[in-house]
Each structure stands twice: as structure tokens, then as C-alpha cells.
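Put chains X, P and G on the given structure of chain S with help from the hints.
Chains as they are written, first to last, in my numbering: chain S, 260 to 564; chain X, 260 to 564; chain P, 260 to 564; chain G, 260 to 564.
Don't read these hints as lab results, they were simulated from the structure.
Any given hint could be a false lead.
All copies of an identical chain are treated as equivalent in the list; a pair is satisfied when it fits inside any one copy or across any two copies.
Stated by the list, open to error - Capping the alpha-carbon separation at 16 Å, the derived lysine to aspartate or glutamate pairs in EDC-like fashion look like this:
(1) K338 with E528
(2) K403 with D496
(3) K443 with E528
Computed from a prediction, not measured in an experiment: that's the story for all the values here.
4 protein chains.
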Amino acid sequence: MLEEGKVEELNNTRRRTTWWIRKKHVRVGLAETLSTFVMMVFGLGSVAQVVTGGGFGDYLSINLGFGLGVAMGVHTGGKVSGAHMNAAVTFTMCVLGRLSWKMLPVYVIAQLLGSFTAAGTVFTLYYDAIYQYCEGNFTVFGPKATAGIFATYPAPYLSIQAGFLDQVLGTAMLLLCLMALADKRNQPAPAGGEPVAIGALILLIGVSMGSNSGYAINPTRDLGPRVFTAIAGWGLDVFRAGNNWWWVPLVAPLVGGVTGALIYKAFVELLHPTQEDKKAEHSGSSECISLNQCNKNNIGECVNC
Amino acid sequence: MLEEGKVEELNNTRRRTTWWIRKKHVRVGLAETLSTFVMMVFGLGSVAQVVTGGGFGDYLSINLGFGLGVAMGVHTGGKVSGAHMNAAVTFTMCVLGRLSWKMLPVYVIAQLLGSFTAAGTVFTLYYDAIYQYCEGNFTVFGPKATAGIFATYPAPYLSIQAGFLDQVLGTAMLLLCLMALADKRNQPAPAGGEPVAIGALILLIGVSMGSNSGYAINPTRDLGPRVFTAIAGWGLDVFRAGNNWWWVPLVAPLVGGVTGALIYKAFVELLHPTQEDKKAEHSGSSECISLNQCNKNNIGECVNC
Amino acid sequence: MLEEGKVEELNNTRRRTTWWIRKKHVRVGLAETLSTFVMMVFGLGSVAQVVTGGGFGDYLSINLGFGLGVAMGVHTGGKVSGAHMNAAVTFTMCVLGRLSWKMLPVYVIAQLLGSFTAAGTVFTLYYDAIYQYCEGNFTVFGPKATAGIFATYPAPYLSIQAGFLDQVLGTAMLLLCLMALADKRNQPAPAGGEPVAIGALILLIGVSMGSNSGYAINPTRDLGPRVFTAIAGWGLDVFRAGNNWWWVPLVAPLVGGVTGALIYKAFVELLHPTQEDKKAEHSGSSECISLNQCNKNNIGECVNC
Amino acid sequence: MLEEGKVEELNNTRRRTTWWIRKKHVRVGLAETLSTFVMMVFGLGSVAQVVTGGGFGDYLSINLGFGLGVAMGVHTGGKVSGAHMNAAVTFTMCVLGRLSWKMLPVYVIAQLLGSFTAAGTVFTLYYDAIYQYCEGNFTVFGPKATAGIFATYPAPYLSIQAGFLDQVLGTAMLLLCLMALADKRNQPAPAGGEPVAIGALILLIGVSMGSNSGYAINPTRDLGPRVFTAIAGWGLDVFRAGNNWWWVPLVAPLVGGVTGALIYKAFVELLHPTQEDKKAEHSGSSECISLNQCNKNNIGECVNC
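Chain S extracted, bound-state conformation:
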């Protein structure tokens, strides 16, 4: 009797647990979808406006559109799903053991849903503008090409190898800095200021690493809108363009993300002193490193001036 009761109880717990896991998956998935949607509507919207509008912004507007778009995306789902909005971030977290691999498909599907829907929304929003700009010819190549509003394409001079490296490097810088912004033992983003700090990082990458191939640095940001354009009238050229460019923003960011995170770990995180190290250092020479510190303490500690 007693044992049966226990088994019953255990089963109940298990069932409840499974239910909560599922509910959590839903919650995380919906938040991730909505954050990605928010980021992408603002980001793609800014490109559409610059491409089709006469004088409604320039390249910096696009940098601001994606930078602040990411910031608003983080505000939208930050404490629910983490608002990765980028499969390279999710993948890197799985590799680092900070997220279980079982969650990867939840995130990827949510991100693809979000970016696909955002592409549709921006297409609808700017349909008249795009139509008038390209006179109804939705093309991937040529002077009035508009496919670049949605997915990224390489500059004509860029070889596939250089493009692959471009995406590896961009995503490496992204993850390297995201690791720094999250490292509580270093100089992280101030509490509550994470969305703006991450947005500024995206703006910065756009300002310094964008001209080669449009800084996708994000597989899910790129694939969703690319598939949408294939369906919505641009056709399969969106996959053929740039020497079959489409797979580069899917694969290279995964390589780059992990590389960047590991570089930060190797150069900074793994070297953080333990409590013991700190004690030992105080008996040695303790240097001050900032302008507001003076080396005057007689037990060798750095003190504020």
C-alpha cells in the first residue's frame, strides 16, 4: 500500500515535471520568437527604408536599426529566453555547456519563425515602396536589386573563402565581446544596461565589419528572410547569388561564435584569480591599474584615491 502510494506520487511528480518542461519550452519558444521578430522588423525595416526611400537615412541608419533593434529584442525576451535571437549564440552556449543541447532545436525553430514572420511583415509594410522602387521587378542582381533588404549577399569582389572568414571573424568578435559583457568578475555591462550594451556591440560590428557581406553573423537571421524572399517573388536566385552564398552565413557563424568565446576564455576568463591567488598577491607586489587607484595601502592593496 505504502509503496504503491509512493509510486503513484512519483508518477505524479514525473507527469507534473514533464508538463512544466513542456510549458517552459512553450514559454521560452514564444519569447524567443517574439524577440527575434522585434529585432528583425526593426532591422529589415531600416534596410527597406534606406534602399527604397529617397533620403530617408543612410548606412548608419541601418547600423542603428539593427543595433537598437537588437536592444529592443533583448528587452522583449531577455529574462524569459535570454533573447539569443541568433543560432550562433545558442550553439556556442550549448558547446560551452551552459545550455542543454535539447534546447537547441527549440531556439532555432523559434528564431526561424521570428525572422520569417518579420520578413513577411516588412514585405507587407514596404510592399508599395519596394514595388515603386523596382517597378515591380523583384530581382536579386542589378542596380535595382531588392533581395538585399531581407537576406545578406557578398560584395562582388569577395571570394567564398574570404566571405567565410568574414563571417567567422564577425561572429567571433560578437561572442568574444558578449562573453566579456557577461563576465561578472571583469567589467560587465551594468545591471539593467545589458540590452543597450549588446545593441551598441551590434552597431559597432555594422560600422566596422559590414561592407564585405552585410554582417549577417547569425544563421537564423539570414535563413528565414531568404526563404521568405524565395517564396515571395525573388525566386531561387536568392540561393544561387554570390556563388551559392546562402550556406556561408549558416555555417561560418557557428565556427566563429565558438572560436570567439574560447579566445575570451583563454585570454581572460580562465586566468581570473581564485580567492587564494588574491591573498597570495597581496603579499607580493600589487599594482594599481586604474586612474582612480593609488598604491598607498601598507598591506599592498590598491585603494581609491
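Below, chains X, P and G without anything else, positioned relative to chain S:
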């Protein structure tokens, strides 16, 4: 005797109460008027400067003018009236049950007063500049049109339906993000940083959703200055232009605001776990979602690295 | 004997006091000089760079130069002198009774010293650039005029009356917003964020109220550099130009500053509820004003959702 | 016996200490290398993008690239090495006695390593773009010169003396403001906001003091990439150009940095009142300096309104 005393007391309380309500209405109304005035003087001023000046800024200046203008508006009345400065925000709050419908007219009148007065102020401030630019012809159409300094008009290619959708979408994104910025159980704007966060959101909407019809996304921001221009010399063309465009920024933002707020509620707010859910989750699988969390705790909690 | 001792002591106190006052005057004066110097080197430097350089920035750079320059000026002297860096701010504080009139000359002299020295520094720094740009002709008028690097001049279309109003309005908006940023019972700048908030305000004024006459909105910012240019080679034209414009940025900001501060007081500050009012309100109808508040509390208080 | 034991213990302590010092040097060195690398990849990347790209940003993008690049650099190594990323900062700290001279070479070598590697990375990243832009001619002079992507060169009009002064002044303003941002008894950068504040300062210097010679204001930022370009194909012209300009950004910033820091000390830091001064002042006249203070306290203290 005793009962009469009580009645007397009750009446006193009632009278005092009524008086305080009225005083509060005055206080809220004046603060809302002043915040809207501040936002609009800066916003319209930036448009006037770009339209009439030779080289004094470009489209990004206007985005900054409205973005930072909203931030200063929030500083001006934020803790007194909430500094909605936008009837779509006030209306959405009433629909959500966060503000009583009785307050709606107070806000709307205050906002209209503020935006009307601001239009007059900017008209006076830039009268010489506008006069010299359009050689005294205050027109709504044509290459030297200046009515667009004050109210919004659609691009020539835009149909009324597409314009209506444009205003619905823009205001939906506004309210969706405002809900996120205010959601204490998610990743809200940091304490004290609300004005800047809201300003950045407005800047972002301008950068990504402005070229179709000038991102009014606000009935009271648009109507006050439009009425002013009708009186000040532009005539009734301000209502006729764009296929009688004037009513779109009045109606569409109300639809969009509520839609955006409900989307945030459906995707994020309503799914926030209760205290019980949180406990239940700990016995299930608890995933870490941010780069600064590690899944090492033996009771399954996410802990900082 | 005893009485003499007391007199002696009193005299000592007086002497010590006088000495401290003097020392404080020195301290405040030097900090105010240095903050004004910092603001003006950055501000004038950004104008010099845009005027003389080919492609080194545009009007927005100047807005950023003065905006961030003011922010750095506030960092330089903020907690020592308040870093007014503007006689209109000092004057308004005296009128409001927040600073004794005896301090006015200390501030004004310090500000003039700072802005004069900064003009000299920028002149030296950009001497080669200015010389090459204007081919050695330091003129106030004409296509290669360079006096506008240092002091402000009105646009050709601007009448003196309109210019006076321009300066009154600009400074009124400045002080109105400064009052809001400092009002602890409203939505002030977050602690530690004052320099950036004030800098953003200056950027905003430049973006929306600058094309008429270069947004001096500051007597000491304008006079010091104007006198410097008169001496350094531009001659007395700097006073004659713009229909003897020079006195407008000296007088109008004083009028505007006080007006703006009083408007904020009348619309917001004087209406802040006392503790008693707050109690009374709770027995009446208490409205929620922000998106993160719900009217659910049974004693009528606004509570966070 | 006892004495020998003590000697043994002492030796152990010494050995352990030496080991920790070394480990600390490694830790500081690696963090400084990585921060400098991060700053320089973003900074140089933004120049490469503007120089080679058609319409991918303008001068303001470069200001943002270095400004936000510095901010991310400070996030990367801030609490480990202080993230000086600039030998002039390290040198000034040694002169002020806040860092031991023994650490100077560690910092300088790390910074040179970081900036050299960053130059190599940006060269690889933009190789195709640079090659296509200059048609394979890597030159220091002429209309298609590309050496300026990596190191700084003076404007044609600039004499060596004026250029030296330019670098002294720029670095003086940098250190003056860095001292202010770090001064806890004044108005410092808010806790956690240091990276952004320092980044804004760099942006500001670029916006106002950049057109003469490209605002190196940093010996190690300039030398590493210059040596790299000498090796990578631009040849020894990178040292000959601008009348042997190369040594100016190495020497002048050292002079300027110390000067700026001393000016801040003389005008502000050394005059901060001691506890005694503060007491004495209260018996004298105590002025309020900010808009949110009123002089109403009867013991003469400034109190918030």
C-alpha cells in the same frame, strides 16, 4: 447628534476628495501638456531645421529630434502624468484597465493643447526661415511644401489601406516594446533610464518605419499641429492632402496600440511563471539562458559562473 | 578678560571664515574655468573641423561636439562648481534664490576665462587648417568666413527681433529641461547620469533649434571667443556683423533662462503634492499613469503589475 | 633549528610571491593584449570600411568605430589590466605614481602585440576590398592611398611643430577627462558606466580634434599597425611620409598625457576640501551649486529642494 456629526464628516471627506480629484486632474493635465509641448517643440523644430536649412542636419537629425524630444518629455512629466504624450498610449492603458476611462479626456485635451501650442511656437521660431524657404507660399503640395514640418503626410506611392496598415504596425511595435520596457518580471528599462529607453525606441521607429508616412504613430501629435497649420495659412489642404489622409493617424494608432500590447501579453506577460511554477520547474530540467549562467547547481538552479 | 577672549575667538572665527570663503571662491572659480574650457575646446574644435576639413564630419558632428563637450565639462567640475559653464544658468539660479548673487561674478569671470582660453587653444590647434582654408583672410562675411568657428552669427534671413526670440526660446527650453532633470520628485536624470543627460539635451537643442543663429543660448560661451577673434585678426567686424548681433546672445538667454525655469515651476514643481495631499488622494480616486502599474490595491494605491 | 625553519618559510613565501607576480604579469599582459586587439579590430575595421566601401559609412562611422571599440576594449580587460590600451595612459599612471614603472614594459609590449595583430586581422578581413579599391597598389601617398587605414598621417597643410602640438593637446584632453571620469570626489562616470563614458570621450575627440592628423593620441595604437604595413606591402614610406611623421604619435602623447593629468590635478583634484575644510565652510557661507539644491538649511548646508 452623533449621526449628524458623522454625516457632516463624511460630506467633508467627500468634498475634500472631490477637490483633490480636481486638483489632481489639473496637476496631471498641466504636466501632460508641458511634456507634450517639450516633445513637440524639439521634434517639429528638428523637421523645420532640416526642411528649411541648407545643411543643418538630415533625416537622422529628425529621428534624433523626436527620439531625444520624447526622452525630455518623459523627464518633464514622467512621475506626474506618466508623460504618455500620445493618445494611443493613453487609450491602450484604458483598454488594459490600467487607467480609468474618466482620465482619457483629460489626457487627450492636454496632449492636443501641448502639440497645438508647440506647433505655434515652432511656427514663430522658424517663421523667417520658412518664409524665406518657400518665398511666402505656405503650401501642402509641391517641391517647396512646408506643411510636412508640422503634421504627417503619406508618400505619393502609398495607398490608404497600406497607410492604415503602416500606422497600425508602427504603433503596435511602439506599444509592444513599451510593455516590454515596463515589465518588471522580464528585462525592463533600468530604473531611472526609462526616458532614454523610450527615446531610443522612438528613434528606432523613425529609422526603420518612417519613410511611408512620417511615423506619426500618435493621434494627438498629429492633429494639434494639423489644425494649427490649417489656421496659420496652409488652409484646408492639410485635411485634403494624401486622399484625406488626416484621419488615418487618428484611428490606426488606436488599433495598433492595443494590438501590440496584446501581442506582448500573449507571447510573454501571460506566460510568466507563478511562484508555484518556479518551484515545479526546479524539480524538472532548468535551463540556463544567458552567457553568464552555468548549470552547475545540484538542486537544478541556474547560477552565475 | 573673559570678554576679550570671546572677542578674540570671534575674530578668529571670522578671519578663518573669510579665508575659507576665499578658498572656496578659488576652488569654485578654477573648477568652473576648467569645465568651461573643456566644453569649449571640444565644441569649438568640432566646428573648426567641419568648417575647414573636407569631409571630416557635418552638422551632426558639431551637435555631438557641443553635446558630449558639455557632458565632459560636467564631469570635470560637476560636484565642485556645479559646472554651469553658462551665465544664463548661473543667473537663473540666483533669481530662483538657489545661489547667492555674490557668487555671480565669480562664475561669470571663470566662464569667460574658460571660453576665451578655449578659443585661443582651438585657434592655435587649427591655425594651419584655418589659414589654408581661407588663404590667410580671416573674415566674418563671405563664402570663406571663419569667424563662425568661434562665436555665433545669425542667418541672413533673421531679423534682430526674431533672433532675440530664438535665443529666448532656446534658453527657455534649456532651463525648463534642466529643472526637470534636477527635480527629485519627478523623473530626474538617474544618479551619476546627469552629465550624459545634460549633454543629450544640448545635442537635442542643436538638432532642433540651431539653424537660425547657431544656438549660443549662453552669454559666456559666446562673448569670450568673440573677444578673442576681435583680437586675433578678425577685427571689430565680429561685433558689427548681423546688425550688431553680438549683444543678443548676451541678453536674450538671461530672459529665456528665467522664463523657462518659471514655466517648469508653474506647470510642475509648484503642483507637486505635499504629504497631506497624497494621503487625501488615496481616499479619492487614484489613477495609475504608467504601463507597469495596475489599479488593483484596495486602498486605492497604484501597484506594480 | 627555529631560525632555519623561519628562513625556509621566508624563502617559500618569496618563491610563491615571485610566482604570483609572474602569473599576474601574464594575466595582465594577456588581458591588455586582448583589449587592445578588440579596440583596434573595430577601430581599423571602421576606417577600412569607409576608405574602401562605396557608401558604407562616413567620418562619423570612424568616430563610432573607435569610440565604441574603446568601450568594448574596456569591457574586455577593464577589471584585469585596467584596459589602458594606450602607452600614454600607462606612462601617465607611472608618472603619477599609480602604477609601478616595472609594469610599463608589460603594458607596452601587450599593447603593441594587440595592435599589430589587429592590423593583421583587418588586413586579412579587408584584403579583397583593399586590393580591389587600390587595384593592387598599396601606397602611402596619392588619391588611392590605403596606408591611412592602419596608421595615422598628417594633413598636407600641417607642419611638424603644429602636428606635435596637435598630438600633445589631444592626449592632454584625453587624460584630463579620464582623470575627471575617475575622480570619486567629483562627478565621475557612474559605476559600471566607465566603458561607455570613456568610449564617448574618444568619440568626442574624434569629432573635434581629428582632422589635423587622425587623432592617434596613442603611441601603441599607431606603431603596431605602422610596422605591420611596412612589412605587409606598403614599405618604408610609412615611416617617411609626412616629413617622417611616425615619431610624433609616439612622443607627443607622452608629453600631452602627463600635462593633461597635471592640469586636472592643479585645477580640481588638489583643491578638494579635506574633512576639516568642510566643517569650516559650514560656519562660513555655503553656496548651492546645482539646480536641485536650495540654501534653506539653518546651519548653512545645501539641501535638496
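Outcome of the hint check:
1. K338 with E528: The answer is between: 11 Å across copies meets 16 Å, while 24 Å in one copy does not.
2. K403 with D496: within (15 Å within a copy, 34 Å between copies)
3. K443 with E528: Within one copy only: 10 Å inside a chain, 28 Å across chains, cut-off 16 Å.
In the structure shown, no violation is registered for any of the earlier numbered hints.
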